[in-house]
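*Asks:* Assemble the whole structure, with the sequences as input and the hints as a guide.
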Amino acid sequence: MEFMTATETYTVSTNTMILEPRVEDGSLTGTIIHEKGRLPFSVDMKPMEIMEHSCLYYFSSYEGRKTSSRFLTNFSHKPPIVVDPISDIYFFSTHSDSNKKNYWIALNHVVSMEKNDDLSNETTLTLSGDRTITLPISRRATHLQYLKASVLSLKLHQNINGIRERSEDTYKTRLHKKRFGFAEYLDRIENVDQDRINPDDGGDIDFNRPIK
99 MEFMTATETY
109 TVSTNTMILE
119 PRVEDGSLTG
129 TIIHEKGRLP
139 FSVDMKPMEI
149 MEHSCLYYFS
159 SYEGRKTSSR
169 FLTNFSHKPP
179 IVVDPISDIY
189 FFSTHSDSNK
199 KNYWIALNHV
209 VSMEKNDDLS
219 NETTLTLSGD
229 RTITLPISRR
239 ATHLQYLKAS
249 VLSLKLHQNI
259 NGIRERSEDT
269 YKTRLHKKRF
279 GFAEYLDRIE
289 NVDQDRINPD
299 DGGDIDFNRP
309 IK
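Residue numbering for the sequence shown is 99 to 310, as defined by the numbering used here.
Mixed in with the good hints, there may be bad ones.
[Unchecked claim] With beta-carbon atoms standing in for the labels, derived distance ranges:
| id | residue 1 | residue 2 | range |
| --- | --- | --- | --- |
| 1 | Thr224 | Arg264 | 35 to 41 Å |
| 2 | Asn219 | Thr268 | 49 to 55 Å |
| 3 | Thr165 | Lys213 | 30 to 36 Å |
| 4 | Ser210 | Thr112 | 17 to 23 Å |
| 5 | His241 | Lys198 | 30 to 36 Å |
Worth flagging that the hints you see were computed from the coordinates, not collected in a lab.
In this text the structure is predicted, and so the values were computed from the model without any measurement.
The beta-carbon is built from N, C-alpha and C at its ideal position, and this holds for glycine as well.
*Replies:* This is the structure in structure tokens:
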């Protein structure tokens with residue numbers, strides 16, 4: 099398959115789905131970019147160069163993001179990376195970041211993953227826009243990396259919410275109202291009127307009758 103090649107600097111965005119290593123004659127020569135709503139195209143920057151540049155573009159360094167990821171998740175092997183927490187741009191890798199066969203995959207664009215067959219050590223990934231790509235890694239390993247990125251996303255959002263709750267009075271008020279509303283909703287379910295319970299159905303609740 100041939101791709102249009104561009105030499106300009108590439109920065110990942112919310113549309114970036116995969117950074118695929120472009121390997122020619124056994125050498126890593128660039129990256130094939132898979133974006134949502136666009137045909138794949140090739141750039142001369144290598145995947146790690148793109149990741150390093152992109153982290154700097156979003157006000158950090160790759161090593162800084164990597165250290166933070168390890169701190170938040172305790173994942174020391176192939177840790178996921180948050181390129182930009184504001185835009186929710188999270189990536190996980192198929193191999194170590196020094197491996198020329200390494201793919202970088204955007205967490206938010208993963209729809210499903212399936213193993214090709216029992217004898218194959220490959221995974222077919224379905225991405226946003228019904229795009230599919232075959233990765234040179236088992237489904238189990240791919241799924242593990244996906245889960246790591248999901249944990250990083252959860253941890254980071256918890257920290258951001260905690261910071262905002264401590265520093266922003268209006269955010270704290272909204273959060274408390276949301277928590278109170280959810281608690282009130284659970285209380286209404288747990289204390290549903292007894293006349294909505296039908297003993298002939300083994301005590302099942304008749305949801306067609308309104309809560310008083």
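*Asks:* For every hint, state whether the structure bears it out.
*Replies:* Do the hints match the structure? See the list:
1. Thr224 / Arg264: 35 to 41 Å: 40 Å Cβ-Cβ, so the 35 to 41 Å window holds.
2. Asn219 / Thr268: 49 to 55 Å: For Asn219 and Thr268 the Cβ distance comes to about 52 Å; the hint holds.
3. Thr165 / Lys213: 30 to 36 Å: Hint holds: Cβ distance 33 Å, inside 30 to 36 Å.
4. Ser210 / Thr112: 17 to 23 Å: Once the Cβ atoms are compared, 20 Å apart, the range 17 to 23 Å for Thr112 and Ser210 holds.
5. His241 / Lys198: 30 to 36 Å: With Cβ atoms ~23 Å apart, the hint is violated.
When each numbered hint is compared with the structure, a violation occurs for hint 5 only.
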